[in-house]
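Could you put together the complete structure from these sequences and hints?
Quick note: the sequence shown uses the numbering used here, first residue 1, plus one each step.
Calculated from the structure, these hints are not laboratory results.
In this text the structure is predicted, and so the values were computed from the model without any measurement.
Where a beta carbon is used, it is the ideal one built from N, C-alpha and C, also for glycine.
Among the clues, some could well be false.
To be verified - Derived Cβ-Cβ restraints for the label pairs, each shown as a range:
| id | residue 1 | residue 2 | range |
| --- | --- | --- | --- |
| 1 | N123 | N164 | 16 to 26 Å |
| 2 | H221 | M277 | 55 to 65 Å |
| 3 | Q185 | E281 | 42 to 52 Å |
| 4 | K316 | I237 | 24 to 34 Å |
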Amino acid sequence: MNYLITAAGLGSRFLKDSIKPPKPLIKVKGIELLLWSLKSFEFKPKDNLYIVTLRRDKVKKLLLKKINLIYPQINIFWLELEEYLNGQLLTSLNAINFFKIKGEILIHNCDTSYKLKYENIKNIFEKNFFGVIPYFNSEGQNWSFIKIKNDLIIQVKEKERISNNCSVGTYWFKDAEEFYNLANQYLKEIKINSLNEFFIAPFFDYAIKKNKRIYPIKCDHVMIYGTSAELLKTFDISFNELLSENDFNGHQRKTIVVDIDGTFCGKPVNGDYSKCMPVEEVCEKLRFENSIGTYIILFTSRNMRSFNGNIGLINKHTSSILTNWLFKNKIPYDELYFGKPWGRDLSYIDDKALPIEKFIDSNKDK
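Written as C-alpha cells, this is what we have:
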C-alpha cells in the first residue's frame, strides 16, 4: 500500500492563535501532530509512506529519524516543497508525479486520526471501485460532507452540509495513475480562479458525475485537531498547556531574542517610560517576523540597577508600564523576561548577536 501524507500547509489558523511551530510539528502530550495522524494506520512490512512538507518548516530534519525508529518495517520517502501549493489536491498530484507512485494510494493530512475496521476495507477492495472516503458523524459546517445511497457515495460537498456524514480527510484510490489523470482533467475543466484552495472533496463529486464508484467506510475513535479549539477539546487540555508545550523549547520555525530599550524603544521622557517613542523601523520588522511565525522573546535590563536586581519590585513597578507600552504600540512577542544583567561601561558579547541594521534588512530579498 502507498500512503501519502500531505503536511505542507501554512498552518495559518494555529498561527493566528499564537501557536507558532508548523502544524506537523505542534506537540501535544509530547507527540507531534504528524505522528498523531500516522497512528491511524496499520502499516505492513514494505508499505510505502510518502510525506510532503515545506522545506522551510524543517519537518524532515526534525522527525525523519523518529519516524524511522517507530516504523522500521516500512519504506519512507520525503518530498520537501520550496513553496506552498494551493491545496491538498495540487500537493497530492505533485507528489504522485515526483515519486511516480503506482497502484493503491491513501492520501491523508495531519488534521485528524482515527481507526478503521480493516476487514471492511478488504470487502471493498474486492469490488470494482475508483475511491473510498472514510467518514464519521459530526456537527458543524467545517467539513467535507458525503451523501450515501445504496452503499455508494452519490454526492460530495466541501463545507456544505448535505448530510451528517463528514470526511475525516482521508481519500483512498484504487489506482494512483487513474486518480492522477482524472484529477488533471478536472483541473483543466474547472475555472482555476473560481477556487481559493483546491480540495480533493470537490474532485470526488466530479468523479461521481463521470460514473466512478466511490464507497464510504465508517471510522471509529476519531480525533480532530485541525484548529486550536478542536485540538484543545480532543486532547482535553487548556490553551496554556498547549502554549507551554510549544514554547521556545518547541519546534519553532525561527526564534529571536530582542533587547527592548535602545533597540525598538526610545529613551524615557523625564524618566517616564510610558512616554518612550517607538523605533518604528524595528517595530515594523518585529511585526513582520511575527506574521511569518517567528517566535519572539523580549529580554530587558530595565530598572535592574534602580531596584538593585530585585525582580519582585520590577514585576510590581516596571512590568505593567512596559506591557502597556508594548500593547499600545502593537509590539508582538511570545515571552518577556526581566533580569538581563546591566552595568556601567557594559558590553554584551554573544556569538549569535545580530546588529539592528542587519535585523531590519534581513528577509528583504526573500
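Here is what the structure says about each hint:
Take N123 and N164: their Cβ atoms lie about 23 Å apart, and the range 16 to 26 Å holds. The hint said 55 to 65 Å for the Cβ distance between H221 and M277, and at roughly 56 Å that hint holds. In this structure the supplied range 42 to 52 Å holds for Q185 paired with E281, their Cβ-Cβ distance being about 51 Å. Taking the beta carbon of each, K316 and I237 are about 31 Å apart, inside 24 to 34 Å as hinted.
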